[in-house]
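What follows is each chain in one-letter form.
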Amino acid sequence: MDKVKVTGLKKSYGSNEVLKGIDMEVREGEVVCVIGPSGSGKSTFLRCLNLLEEITAGKVIVDDHDLNDKNSDINKIRENIGMVFQHFNLFPHKTVLQNITFAPVELKKQTKAEAEKTALGLLERVGLADKANAFPASLSGGQKQRVAIARALAMNPDVMLFDEPTSALDPEMVGEVLGVMQDLAREGMTMIIVTHEMGFAREVGNRVIFMDGGYIVEEGTPEEVFGNPKHERTISFLEKVL
Amino acid sequence: MHIQKKITGFLVLLIFFFSFAGSLVPSAQAAEAKKTYTIATDTTFPPFEYQDASGNYVGIDLDLLKAIAEDQGFEYRLQPLGFNAAVQALQSGNVDGVIAGMSITDERKQVFDFSEEYFQSGPIMGVDANNSAILSYEDLRGQRVAVKTGTEGATFAESIKDQYGFTIVTFDDSPQLIEEVKAGGSVAYFEDYPVVAYGIAQGNGMKMPLPKEPGGAYGFAVKKGQNAELLKMFNQGLANIKANGKYDEAVAKYLGESSVSEGGEIEIAATPQMSGFELIWASMPAFLKGLGYTVYYTLISLFFAFILGLIFGSMKVSHNKALRGIATAFVDIFRGIPLLILAFFIYFAIPQALNFTMPIWTAAILALSLNAGAYVTEIIRGGIQSIDKGQMEAARSLGVPYQTAMRKIILPQAIKVMVPSFINQMVITLKDTSIMSIIGLVELTQSGKLVVARTFQSFEVWLTIGIMYLIVITILTKIADRLERRVSRG
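From first to last, the protein sequence lines stand for chains C and V.
No gaps in the numbering here: position 142 of the first sequence is 142 in the UniProt record's numbering, and each next residue is one more.
No gaps in the numbering here: position 368 of the second sequence is 368 in the UniProt record's numbering, and each next residue is one more.
Just so you know, these hints were derived from the structure itself, not from any lab.
Since the structure is predicted, the reported quantities are computational estimates derived from the model, not experimental observations.
Where a beta carbon is used, it is the ideal one built from N, C-alpha and C, also for glycine.
Certain hints may be false.
Short, incomplete list of chain V residues facing chain C, as computed with Cβ under 10 Å [stated by the list, open to error]:
#: 1; residue: E393
#: 2; residue: A394
#: 3; residue: A395
#: 4; residue: R396
#: 5; residue: S397
#: 6; residue: K408
#: 7; residue: P412
#: 8; residue: Q413
Model the full structure from these sequences, guided by the hints.
If you want it as structure tokens, here you go:
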């Protein structure tokens, strides 16, 4: 069953067309890695999947909900789509625990006590149980991103979107974040990951999508895309980054 | 959907805001039903009206009014507004009548109905007692001369200025004329002669080198075509008190016996002068009361300004073009109009155009709130926009609605950024309340004006008032600083 189905997706800023017609789908439990040069539109594409960017044309269906349908409640749909940002975007005025419990309590998914219990469990999972009462400012980049992942998971989403989750990290912290993501993939989470970590994409991804110039240029299993790229733009990109 | 909610919320608050302001109007109307007339007067026109040392308004006009009201059995509420404000308040229907040493002129008869003449006046020239160079109008050539707006003195000076070749500077208050001449800005001033004579008797350091000019008479005024029964009672009462001697009694109390019969030169017993320190000490209760009002109006105005700022500030950061446009128009209008003009417009122009009455303090709070609201809008917009947009995106990506995200995530962070600007605005608004003394609002500056009008000791009074503002602002700023530190600590 398709968790995410995108048809003819276009996105323009004024006269500048960033996405020029994207078609793809993601099955339940699949881990899709999106790679490509900067400016290729991969982050914009990801942000269209939870409507952080308005869609200019085309259709995005997540969990059978048409995002652009006037009748769908985008807030309800977003509850089911977790997102992790390049710059973490933790709430600096809230503790780690409050960051995680904020949405479930605010949206009445859980009582405060339930949410805190869930949050502590999630912190355990990302290895930060001892940081529950710390403020984000006192955490390292890697710790912040793990809290951000826990925050997204607290809503118990069906799909997780990762927008270059390790790009803003010091190299020695990349591993701890990728480790958490790998565990998540193993547990069967449907994930779409925009990343520059080719090793991770090859190892964890079920499928790799190469984007350039607002199009999906090539897609396939990691073996196909990394081992035997067909398109010359894919070849030249991989030559530069590998 | 959230935009709709926002508009609804905005309307609710707006209605709340104006119903608060509006709720004060019925009380004035209710008072009218009991035949209590609101009568405006000047604040600083001794010996016709001025505040005595214990803070009561006294003077010839007020004694006459009281005697007439007793004679005719009507109730009135006195509103000391200042001359210009009183005249405009009568025009706009905010008050029923004006008794303020107002000369009866043809121009004024166009808009007001006057009572019988109750006092014969006439303009006279005053100069500094040490100035021996000005002995005739001829000596004024090439010099500056001070007058008070709307007085006979102003009309007379205007009529001879071309003949004698002097220029005129205009002031709103009688004491300002004395200060102008004392400071050397003008060499002479023209004022109604009882006022000049009274001031000299109080030791204001002026003298009258020439006799008074023949002049018009003072009358009690109502708006043209209105309050005919009040005018009738005034005339009837005036005739009665002239007959029973109460009129002479009132005039003699301020101008001495000699003036009553012949209306000639006035001899007034000088009241003993207080030293500067004694004066300030004696005036302190009045000043402190004024200060209390200043702080009170500041806080109320800031409260409404904050609500307005919150509404228009969030409209300014909205994605909806129409809402942004409305908010921008609000800011442009109320930041672009000088506060003084805004106060005049709200207090005089709007009631006149829409035919209702508005208490001074409502008008003052409206003007201050709208003015400060425009600035607070910009402070809030700036604060919100200073927060990384990733914060909003993170909250929205979790399914949190825009309003909730704004309230729980963005605003708590933005407020820390805004606090220093809020403190700044608080200081500005507190100082701006002094502007409202022009429409007669009783606050610190007004209480200073009243004491200067009676005593002519402007140096001591304005020094004290200035220090009082300084102390209060320093205290409030220190409190706010402490609050700011607590906020930024989290």
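Cross-check of the supplied hints:
1. E393: Check passed: Cβ of V:E393 comes within 6 Å of chain C, closer than 10 Å.
2. A394: 4 Å, holds
3. A395: 8 Å, holds
4. R396: Holds: closest Cβ of chain C sits about 7 Å from V:R396, inside 10 Å.
5. S397: 4 Å, holds
6. K408: 7 Å, holds
7. P412: Because about 5 Å separates V:P412 from the closest Cβ in chain C, which is inside the 10 Å limit, the hint holds.
8. Q413: At 6 Å from the nearest chain C Cβ, V:Q413 passes the 10 Å test, so the hint holds.
Every hint, counting from the list given before, is met by this structure.
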